[in-house]
Amino acid sequence: MKRYLAIFLAFFLLGACTKKEREVHEEKPRRIKAEVMEIKPRPVAKVRIFSGTVRAKNQLSLSSKVSGYVKEVYVEEGQIVEKGAPLLTLDDANIQAQRKALVAARKAVAKEREAVVARLRYAEANYRRFKNLFQEKAATKEELDRVEAEYKALLAREKALVAKEKELWAKEREIESIIPYTRLRAPVKGLVAKRLADKGAFVTAGVPLILLDDLSAGFEFRVQLDEAFLGRVKVGERFQVEFPALGLSQEASVREVVAHVDPASRTFLVKLAVKGPGLRSGLYGRLYLPVTVEKVVLIPWKTVVLRGELTGVMVVEKDGRARFRVVRLGGTYHKMGQEFIPTKTPLKREEAQQKGLWAEVLAGIEAGEKIVVSPLNLVRDGDLVI
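Just so you know, we're using numbering that gives the first Met the number 0 here: the sequence shown kicks off at 0 and counts up by one.
In case anyone wonders, no lab produced these hints; they're calculated from the structure.
All C-beta atoms, glycine included, are put in the ideal place defined by N, C-alpha and C.
Heads up, a few of these hints could be off.
Label-pair restraints from in silico Cβ distances [unchecked claim]:
hint	residue 1	residue 2	range
1	R128	A155	16 to 22 Å
2	K140	A92	35 to 41 Å
3	R47	I177	50 to 56 Å
4	R172	D261	49 to 55 Å
5	R172	R254	43 to 49 Å
6	A92	E236	15 to 21 Å
7	A258	K165	34 to 40 Å
8	R231	P207	50 to 56 Å
9	Q134	A155	22 to 28 Å
10	S176	E81	23 to 29 Å
11	D261	L309	49 to 55 Å
12	A227	A362	44 to 50 Å
All chains should be built: construct the whole structure from the sequences, respecting the hints.
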(Lines of atoms letter the chains of each structure in order from A; the text may use other names.)
(Lines give C-alpha, C1' and ligand atoms only; values in the text may rest on other atoms or scores of the structure.)
Protein backbone atom coordinates (compact mmCIF):
# COMPACT_ATOMS: atom_id res chain seq x y z
CA MET A 0 0.00 0.00 0.00
CA LYS A 1 2.80 2.40 0.92
CA ARG A 2 4.51 1.52 -2.34
CA TYR A 3 1.45 2.56 -4.39
CA LEU A 4 1.09 5.77 -2.36
CA ALA A 5 4.71 6.72 -3.09
CA ILE A 6 4.25 6.13 -6.82
CA PHE A 7 1.07 8.25 -6.79
CA LEU A 8 2.83 11.13 -5.03
CA ALA A 9 5.72 10.99 -7.50
CA PHE A 10 3.39 11.24 -10.52
CA PHE A 11 1.48 14.08 -8.82
CA LEU A 12 4.62 16.12 -8.19
CA LEU A 13 5.91 15.45 -11.72
CA GLY A 14 2.61 16.61 -13.20
CA ALA A 15 2.66 19.76 -11.08
CA CYS A 16 6.19 20.62 -12.21
CA THR A 17 5.31 20.02 -15.87
CA LYS A 18 2.27 22.26 -15.55
CA LYS A 19 4.38 25.03 -13.97
CA GLU A 20 7.02 24.76 -16.72
CA ARG A 21 4.30 24.90 -19.36
CA GLU A 22 2.83 28.01 -17.73
CA VAL A 23 6.24 29.68 -17.67
CA HIS A 24 6.90 28.66 -21.28
CA GLU A 25 3.54 29.95 -22.44
CA GLU A 26 3.96 33.40 -20.85
CA LYS A 27 2.94 36.13 -23.30
CA PRO A 28 5.90 37.78 -25.14
CA ARG A 29 6.66 41.46 -24.63
CA ARG A 30 4.92 43.56 -27.26
CA ILE A 31 6.87 46.48 -28.72
CA LYS A 32 6.08 48.98 -31.44
CA ALA A 33 8.94 49.25 -33.92
CA GLU A 34 9.68 50.48 -37.43
CA VAL A 35 10.44 47.63 -39.82
CA MET A 36 11.51 47.43 -43.44
CA GLU A 37 11.31 44.69 -46.03
CA ILE A 38 14.55 43.48 -47.54
CA LYS A 39 14.62 43.85 -51.30
CA PRO A 40 17.16 44.23 -54.09
CA ARG A 41 18.18 47.82 -54.80
CA PRO A 42 19.52 49.35 -58.04
CA VAL A 43 23.30 49.58 -57.68
CA ALA A 44 25.33 51.40 -60.31
CA LYS A 45 28.46 49.72 -61.55
CA VAL A 46 30.91 52.56 -61.89
CA ARG A 47 34.19 53.62 -63.41
CA ILE A 48 36.38 55.49 -60.96
CA PHE A 49 38.43 58.45 -62.20
CA SER A 50 40.99 60.36 -60.14
CA GLY A 51 41.03 64.13 -60.14
CA THR A 52 42.20 67.23 -58.31
CA VAL A 53 40.55 70.16 -56.53
CA ARG A 54 41.28 73.60 -57.95
CA ALA A 55 40.14 77.08 -56.98
CA LYS A 56 37.59 78.52 -59.40
CA ASN A 57 39.52 81.78 -59.27
CA GLN A 58 43.24 81.66 -58.53
CA LEU A 59 45.00 85.03 -58.46
CA SER A 60 48.62 85.41 -59.55
CA LEU A 61 50.03 88.31 -57.52
CA SER A 62 53.14 90.21 -58.60
CA SER A 63 54.89 93.49 -57.87
CA LYS A 64 54.96 96.43 -60.27
CA VAL A 65 58.53 97.21 -59.24
CA SER A 66 61.73 95.19 -59.07
CA GLY A 67 63.75 94.77 -55.90
CA TYR A 68 64.85 92.56 -53.05
CA VAL A 69 62.24 90.87 -50.85
CA LYS A 70 62.50 92.46 -47.42
CA GLU A 71 59.85 90.47 -45.50
CA VAL A 72 57.44 87.59 -46.20
CA TYR A 73 54.44 87.39 -43.87
CA VAL A 74 52.61 84.26 -45.04
CA GLU A 75 53.13 80.54 -45.52
CA GLU A 76 51.61 78.18 -48.05
CA GLY A 77 48.21 76.91 -46.94
CA GLN A 78 47.56 79.98 -44.77
CA ILE A 79 44.20 81.75 -45.02
CA VAL A 80 44.48 85.55 -45.21
CA GLU A 81 41.89 88.29 -44.98
CA LYS A 82 41.35 90.94 -47.64
CA GLY A 83 44.02 93.64 -47.31
CA ALA A 84 46.39 91.51 -45.24
CA PRO A 85 50.12 92.10 -45.97
CA LEU A 86 51.74 89.25 -47.90
CA LEU A 87 55.28 90.53 -48.49
CA THR A 88 57.29 93.74 -48.82
CA LEU A 89 60.19 94.73 -51.05
CA ASP A 90 63.16 96.77 -49.88
CA ASP A 91 62.26 100.37 -50.80
CA ALA A 92 65.52 101.99 -49.60
CA ASN A 93 66.54 103.04 -53.14
CA ILE A 94 63.09 104.38 -53.88
CA GLN A 95 63.04 106.36 -50.63
CA ALA A 96 66.53 107.72 -51.43
CA GLN A 97 65.32 108.86 -54.86
CA ARG A 98 62.32 110.51 -53.26
CA LYS A 99 64.50 112.38 -50.74
CA ALA A 100 66.82 113.55 -53.53
CA LEU A 101 63.86 114.84 -55.52
CA VAL A 102 62.43 116.63 -52.48
CA ALA A 103 65.80 118.29 -51.82
CA ALA A 104 66.16 119.33 -55.47
CA ARG A 105 62.62 120.71 -55.55
CA LYS A 106 63.20 122.76 -52.40
CA ALA A 107 66.46 124.13 -53.83
CA VAL A 108 64.69 125.15 -57.03
CA ALA A 109 61.88 126.75 -55.03
CA LYS A 110 64.41 128.74 -52.97
CA GLU A 111 66.23 129.89 -56.09
CA ARG A 112 62.94 130.87 -57.70
CA GLU A 113 62.03 133.01 -54.68
CA ALA A 114 65.33 134.89 -55.06
CA VAL A 115 64.81 135.31 -58.80
CA VAL A 116 61.26 136.57 -58.24
CA ALA A 117 62.58 139.24 -55.85
CA ARG A 118 65.19 140.36 -58.39
CA LEU A 119 62.58 140.20 -61.15
CA ARG A 120 60.32 142.64 -59.33
CA TYR A 121 63.16 145.14 -59.05
CA ALA A 122 64.22 144.58 -62.67
CA GLU A 123 60.65 145.08 -63.89
CA ALA A 124 60.30 148.36 -61.97
CA ASN A 125 63.70 149.50 -63.20
CA TYR A 126 62.79 148.64 -66.79
CA ARG A 127 59.58 150.70 -66.59
CA ARG A 128 61.52 153.63 -65.08
CA PHE A 129 64.14 153.61 -67.84
CA LYS A 130 61.42 153.26 -70.44
CA ASN A 131 59.85 156.48 -69.17
CA LEU A 132 63.25 158.18 -68.98
CA PHE A 133 64.02 157.17 -72.55
CA GLN A 134 60.72 158.64 -73.73
CA GLU A 135 61.65 161.86 -71.91
CA LYS A 136 65.10 161.76 -73.56
CA ALA A 137 66.66 161.41 -70.10
CA ALA A 138 68.20 157.97 -70.81
CA THR A 139 70.10 156.57 -73.76
CA LYS A 140 69.04 153.67 -75.98
CA GLU A 141 71.96 151.58 -74.72
CA GLU A 142 70.89 152.06 -71.07
CA LEU A 143 67.31 151.04 -71.90
CA ASP A 144 68.47 147.96 -73.83
CA ARG A 145 70.71 146.87 -70.95
CA VAL A 146 67.89 147.20 -68.38
CA GLU A 147 65.42 145.46 -70.71
CA ALA A 148 67.81 142.56 -71.33
CA GLU A 149 68.34 142.09 -67.59
CA TYR A 150 64.58 142.10 -67.00
CA LYS A 151 63.84 139.58 -69.77
CA ALA A 152 66.66 137.29 -68.62
CA LEU A 153 65.25 137.18 -65.09
CA LEU A 154 61.75 136.63 -66.49
CA ALA A 155 62.98 133.67 -68.57
CA ARG A 156 64.90 132.30 -65.59
CA GLU A 157 61.78 132.51 -63.40
CA LYS A 158 59.72 130.64 -66.01
CA ALA A 159 62.42 127.96 -66.33
CA LEU A 160 62.52 127.49 -62.56
CA VAL A 161 58.72 127.18 -62.42
CA ALA A 162 58.86 124.49 -65.11
CA LYS A 163 61.72 122.74 -63.29
CA GLU A 164 59.78 122.80 -60.02
CA LYS A 165 56.71 121.31 -61.72
CA GLU A 166 58.87 118.60 -63.27
CA LEU A 167 60.36 117.72 -59.88
CA TRP A 168 56.88 117.68 -58.32
CA ALA A 169 55.72 115.23 -61.01
CA LYS A 170 58.72 112.96 -60.47
CA GLU A 171 58.20 113.08 -56.72
CA ARG A 172 54.55 112.09 -57.07
CA GLU A 173 55.56 109.30 -59.46
CA ILE A 174 58.06 107.94 -56.93
CA GLU A 175 55.49 108.21 -54.12
CA SER A 176 52.99 106.28 -56.24
CA ILE A 177 55.54 103.46 -56.62
CA ILE A 178 56.15 103.05 -52.88
CA PRO A 179 52.80 101.25 -52.21
CA TYR A 180 53.74 98.70 -54.89
CA THR A 181 56.59 97.53 -52.67
CA ARG A 182 53.95 96.21 -50.25
CA LEU A 183 51.98 93.29 -51.65
CA ARG A 184 48.54 92.84 -50.03
CA ALA A 185 45.73 90.30 -50.47
CA PRO A 186 43.07 91.74 -52.82
CA VAL A 187 40.49 89.23 -51.49
CA LYS A 188 40.07 86.78 -48.64
CA GLY A 189 41.95 83.76 -49.83
CA LEU A 190 44.24 80.83 -49.27
CA VAL A 191 47.94 81.01 -50.10
CA ALA A 192 48.26 78.19 -52.64
CA LYS A 193 51.87 78.87 -53.60
CA ARG A 194 54.64 81.18 -52.41
CA LEU A 195 57.17 81.80 -55.17
CA ALA A 196 59.59 84.18 -53.41
CA ASP A 197 61.59 84.07 -50.19
CA LYS A 198 63.16 86.76 -48.05
CA GLY A 199 66.28 88.21 -49.64
CA ALA A 200 65.45 87.11 -53.18
CA PHE A 201 65.59 89.61 -56.02
CA VAL A 202 62.32 89.77 -57.93
CA THR A 203 61.48 91.38 -61.24
CA ALA A 204 58.40 93.49 -61.86
CA GLY A 205 55.50 91.46 -63.25
CA VAL A 206 56.86 88.06 -62.18
CA PRO A 207 54.34 86.07 -60.01
CA LEU A 208 55.26 86.06 -56.32
CA ILE A 209 52.20 84.47 -54.70
CA LEU A 210 49.30 82.36 -55.99
CA LEU A 211 46.16 83.10 -53.98
CA ASP A 212 42.95 81.04 -54.11
CA ASP A 213 39.90 83.29 -53.93
CA LEU A 214 37.79 81.61 -51.21
CA SER A 215 34.69 83.62 -52.08
CA ALA A 216 34.66 82.05 -55.56
CA GLY A 217 34.78 78.48 -54.20
CA PHE A 218 36.41 75.35 -55.59
CA GLU A 219 35.93 72.93 -58.46
CA PHE A 220 36.95 69.32 -59.02
CA ARG A 221 38.82 68.72 -62.27
CA VAL A 222 38.99 65.24 -63.74
CA GLN A 223 40.09 63.77 -67.05
CA LEU A 224 37.59 61.27 -68.51
CA ASP A 225 38.13 58.75 -71.28
CA GLU A 226 37.10 60.01 -74.71
CA ALA A 227 34.43 57.26 -74.81
CA PHE A 228 32.37 59.36 -72.36
CA LEU A 229 32.49 62.51 -74.50
CA GLY A 230 28.90 63.42 -75.28
CA ARG A 231 27.57 61.26 -72.45
CA VAL A 232 28.50 63.67 -69.65
CA LYS A 233 26.39 66.86 -69.69
CA VAL A 234 26.53 70.16 -67.81
CA GLY A 235 24.18 70.02 -64.81
CA GLU A 236 24.45 66.25 -64.29
CA ARG A 237 25.32 65.12 -60.77
CA PHE A 238 27.90 62.50 -59.85
CA GLN A 239 29.37 61.16 -56.63
CA VAL A 240 32.76 62.65 -55.70
CA GLU A 241 34.86 61.45 -52.79
CA PHE A 242 37.84 62.99 -50.99
CA PRO A 243 39.57 60.23 -48.98
CA ALA A 244 41.87 62.58 -47.05
CA LEU A 245 38.85 64.42 -45.61
CA GLY A 246 36.49 61.46 -45.30
CA LEU A 247 34.15 63.60 -47.38
CA SER A 248 31.74 62.38 -50.04
CA GLN A 249 29.20 64.48 -51.90
CA GLU A 250 27.12 64.84 -55.03
CA ALA A 251 28.81 67.27 -57.40
CA SER A 252 27.24 69.04 -60.35
CA VAL A 253 29.04 69.28 -63.69
CA ARG A 254 29.72 72.98 -64.37
CA GLU A 255 31.83 72.67 -67.51
CA VAL A 256 32.75 70.05 -70.09
CA VAL A 257 35.83 70.96 -72.13
CA ALA A 258 35.05 69.19 -75.39
CA HIS A 259 38.66 68.86 -76.48
CA VAL A 260 40.33 65.45 -76.46
CA ASP A 261 44.00 65.36 -75.55
CA PRO A 262 45.60 63.35 -78.39
CA ALA A 263 48.27 61.99 -76.03
CA SER A 264 46.04 60.69 -73.21
CA ARG A 265 42.79 60.33 -75.21
CA THR A 266 40.92 62.11 -72.41
CA PHE A 267 38.89 65.31 -72.00
CA LEU A 268 38.49 67.66 -69.03
CA VAL A 269 35.37 67.90 -66.87
CA LYS A 270 34.89 70.46 -64.07
CA LEU A 271 32.45 69.86 -61.21
CA ALA A 272 31.37 72.32 -58.50
CA VAL A 273 32.32 71.08 -55.02
CA LYS A 274 32.14 72.55 -51.53
CA GLY A 275 32.90 71.53 -47.99
CA PRO A 276 35.23 72.15 -45.05
CA GLY A 277 38.88 71.43 -45.67
CA LEU A 278 38.83 71.71 -49.46
CA ARG A 279 42.14 72.98 -50.81
CA SER A 280 43.74 73.34 -54.21
CA GLY A 281 45.64 70.18 -55.11
CA LEU A 282 43.48 67.87 -52.96
CA TYR A 283 43.05 64.38 -54.43
CA GLY A 284 39.57 63.06 -55.15
CA ARG A 285 37.67 60.32 -56.98
CA LEU A 286 34.73 60.60 -59.36
CA TYR A 287 32.27 57.68 -59.56
CA LEU A 288 30.86 57.51 -63.07
CA PRO A 289 27.91 55.06 -63.44
CA VAL A 290 28.22 52.66 -66.36
CA THR A 291 25.57 49.94 -65.78
CA VAL A 292 22.96 49.18 -63.10
CA GLU A 293 22.27 45.85 -61.35
CA LYS A 294 20.16 44.71 -58.39
CA VAL A 295 21.90 44.08 -55.04
CA VAL A 296 20.43 43.38 -51.58
CA LEU A 297 21.22 46.40 -49.39
CA ILE A 298 20.30 47.42 -45.85
CA PRO A 299 20.84 50.73 -44.05
CA TRP A 300 23.93 50.71 -41.85
CA LYS A 301 21.74 52.07 -39.04
CA THR A 302 19.96 48.68 -38.85
CA VAL A 303 23.21 46.77 -38.16
CA VAL A 304 23.70 45.50 -34.58
CA LEU A 305 26.98 44.38 -32.98
CA ARG A 306 26.99 41.69 -30.29
CA GLY A 307 30.53 41.08 -29.26
CA GLU A 308 32.34 39.90 -32.38
CA LEU A 309 29.09 39.15 -34.19
CA THR A 310 27.48 41.43 -36.78
CA GLY A 311 23.77 41.01 -37.32
CA VAL A 312 20.31 42.46 -37.62
CA MET A 313 17.03 42.03 -35.74
CA VAL A 314 14.89 39.94 -38.10
CA VAL A 315 11.11 39.90 -37.69
CA GLU A 316 10.15 36.22 -38.08
CA LYS A 317 6.87 35.03 -39.59
CA ASP A 318 5.35 34.76 -36.11
CA GLY A 319 6.08 38.46 -35.57
CA ARG A 320 8.87 37.91 -33.06
CA ALA A 321 12.23 39.66 -33.28
CA ARG A 322 15.32 37.45 -33.49
CA PHE A 323 18.98 38.42 -33.73
CA ARG A 324 20.53 36.94 -36.85
CA VAL A 325 24.17 37.02 -37.91
CA VAL A 326 24.82 38.50 -41.36
CA ARG A 327 27.86 38.86 -43.60
CA LEU A 328 28.21 42.30 -45.15
CA GLY A 329 30.03 43.52 -48.25
CA GLY A 330 30.67 47.00 -49.60
CA THR A 331 29.28 50.34 -48.46
CA TYR A 332 27.08 52.49 -50.71
CA HIS A 333 25.82 56.06 -51.01
CA LYS A 334 22.28 56.68 -52.12
CA MET A 335 22.21 59.09 -55.05
CA GLY A 336 18.74 59.70 -56.40
CA GLN A 337 17.15 56.30 -57.03
CA GLU A 338 20.49 54.50 -57.40
CA PHE A 339 23.28 53.49 -55.06
CA ILE A 340 26.96 54.25 -55.65
CA PRO A 341 29.80 52.32 -53.97
CA THR A 342 32.30 54.15 -51.78
CA LYS A 343 35.96 53.20 -51.56
CA THR A 344 36.74 55.13 -48.38
CA PRO A 345 36.87 52.75 -45.38
CA LEU A 346 34.47 53.84 -42.64
CA LYS A 347 33.66 52.65 -39.13
CA ARG A 348 30.13 51.48 -38.44
CA GLU A 349 29.32 54.64 -36.44
CA GLU A 350 30.51 56.89 -39.29
CA ALA A 351 28.55 54.93 -41.87
CA GLN A 352 25.42 55.18 -39.70
CA GLN A 353 25.84 58.92 -39.20
CA LYS A 354 26.31 59.48 -42.94
CA GLY A 355 23.19 57.46 -43.79
CA LEU A 356 25.09 54.89 -45.85
CA TRP A 357 23.95 51.41 -46.88
CA ALA A 358 25.65 47.99 -46.67
CA GLU A 359 25.58 45.11 -49.13
CA VAL A 360 24.28 41.83 -47.66
CA LEU A 361 26.30 38.80 -48.77
CA ALA A 362 24.67 36.20 -46.50
CA GLY A 363 22.31 35.86 -43.53
CA ILE A 364 19.08 37.36 -44.81
CA GLU A 365 17.23 37.26 -48.09
CA ALA A 366 14.91 39.46 -50.09
CA GLY A 367 11.37 39.40 -48.73
CA GLU A 368 12.36 39.16 -45.05
CA LYS A 369 11.78 42.03 -42.66
CA ILE A 370 14.19 43.67 -40.21
CA VAL A 371 13.82 46.18 -37.39
CA VAL A 372 14.92 49.71 -38.22
CA SER A 373 14.20 51.37 -34.85
CA PRO A 374 14.23 51.48 -31.88
CA LEU A 375 17.04 48.90 -31.97
CA ASN A 376 18.18 49.73 -28.44
CA LEU A 377 14.79 48.64 -27.04
CA VAL A 378 14.03 45.53 -29.10
CA ARG A 379 15.13 42.19 -27.55
CA ASP A 380 15.10 38.60 -28.78
CA GLY A 381 11.59 37.17 -28.61
CA ASP A 382 9.77 40.51 -28.51
CA LEU A 383 6.56 40.62 -30.50
CA VAL A 384 6.90 43.46 -32.99
CA ILE A 385 3.69 45.35 -33.68
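**Prompt:** For which of the previously enumerated hints does the structure constitute a violation, in increasing order of number?
**Reply:** As far as the earlier hints go, 2, 6, 7, 8 and 12 are violated by this structure, in ascending order.
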